[in-house]
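Undergrad: The chain contents come next:
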Amino acid sequence: MYLRDAPGTHPPLDSPAYKSTALRHPSQRPVLLPQKLTEITGPLLGEGRLGPNDNDLTAHHAGEPQGQRIIVHGRLLDDNGIPVSNSLVEIWQANAGGRYKHVRDRWPSPVDPYFDGVGRTLTDAEGRYTFTTIKPGAYPWQNHDNAWRPAHIHFSVFGRSFTQRLVTQMYFPDDPLFGQDPIFNSVPDPAARARMISSFDMSRTVANWALAYSFDIVLRGRDATPFEEEVDDE
Amino acid sequence: MTTPSQTVGPFLSIGLPWPDGPTVVPEGTPGAIRIVGTVYDGAGQPVPDALIETWQADPDGHFDHPDDPSGPLRKDFRAFGRCPTEPDGSYWILTLPPGAIPGQAPHIDVSVFARGLLNRVVTRIYLADDPADPVLASVDPARRHTLIAQPTEDGYRFDIRLQGENETVFFDL
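One line per chain: the protein sequences are A and B, in this order. Each residue of the first sequence is one higher than the last, beginning at -14 in this note's numbering. Each residue of the second sequence is one higher than the last, beginning at 14 in this note's numbering.
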């Protein structure tokens, strides 16, 4: 059984400031689903899903992409501090100029032929992951007058169970665009909002090569009541 | 404290789809069923930038997971499916029918992600109505039909209505 997230952690699906929620949020109250076998299990996706250099987004083409090279690293944990090991982490993002390599992204900032903006990796035994990528740029969108999304990287993680599945966005420290972004601000609790902001990490910068940011992702933890199958008799 | 959810945004299709995502079992697997459906918004318009994920037991009711010690697993059965919606809002999954698990009728858990959804919504596909299923029984009888897939020639249809008339029942985990 996985414990519920604290109130104010997740955005309400009906968040009027983010206009696209208007016709897409369910209007009926959700029905409580007890956590049974289908919910406490989930896909454990491993090496088969990875290609060479999948965690180095700067190495997918013959040439180097434009922009600030960065290392993004962190840990995937549950709320009890237990690392989620050997677990798939998927990311996607805009290029240095804030342009996604997507047919429907048409704003006048150039596509970078050397940057796809897609990566994946597996966490290690301690739940650690590392990507090498380019710091994404901010970009305009049509939500409100002169709306800009703060720079962000999309993260998708599975954890160990259907219940723990999470897709989020990692932001960068001190972004002046936070104040006007309805997606970032859709998270009601300011402390929870802050957990989506990475930290600049001098210790992981690489001299003459890359800056570094650290971002831990915390998923719902299990009820402290031990499960029988967790008893590991050697 | 846990990390908040955020929307997948409009460009999820560069990052999340896999070439083999919709095939929980390989094409041509005996007994495979094709589940097709369309995701609609509150205006009845198809949602072209959504992603469907499915998770289910194999036909014997087993999960490929250490927390299910129940028995041997099928080969070539990933249990997990993933399909982005097309411009017409449609998705498909090729899988084997799930088996019953203790105390519950056969079902497939479904996550729906989309631009405009700040968190996933969760629903269930049942291949048949079963009044004895405790989850179905907990749902308003007038809305229960939204959880029951409709048989087709080679499988089932399961449309998802995010809002409005015949809104799909969504669950809180």
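Simulated from the structure, these hints should not be mistaken for laboratory data. Don't take each hint at face value.
As a list, the in silico EDC-like pairs of lysine to aspartate or glutamate whose alpha-carbon atoms are at most 16 Å apart [as the list claims (entries may be wrong)]:
1) A:K4 with A:D130
2) A:K21 with B:D77
3) A:K21 with B:D185
Quick look at which bits of chain B chain A covers, simulated, 3 or more residues with Cβ under 8 Å [unchecked claim]:
4) 26 to 40
5) 76 to 82
6) 86 to 96
7) 108 to 122
8) 130 to 142
9) 151 to 161
10) 171 to 179
Glycine included, every Cβ here is placed at the ideal spot set by N, Cα and C.
Undergrad: Tell me, which hint numbers fail for this structure?
TA: none
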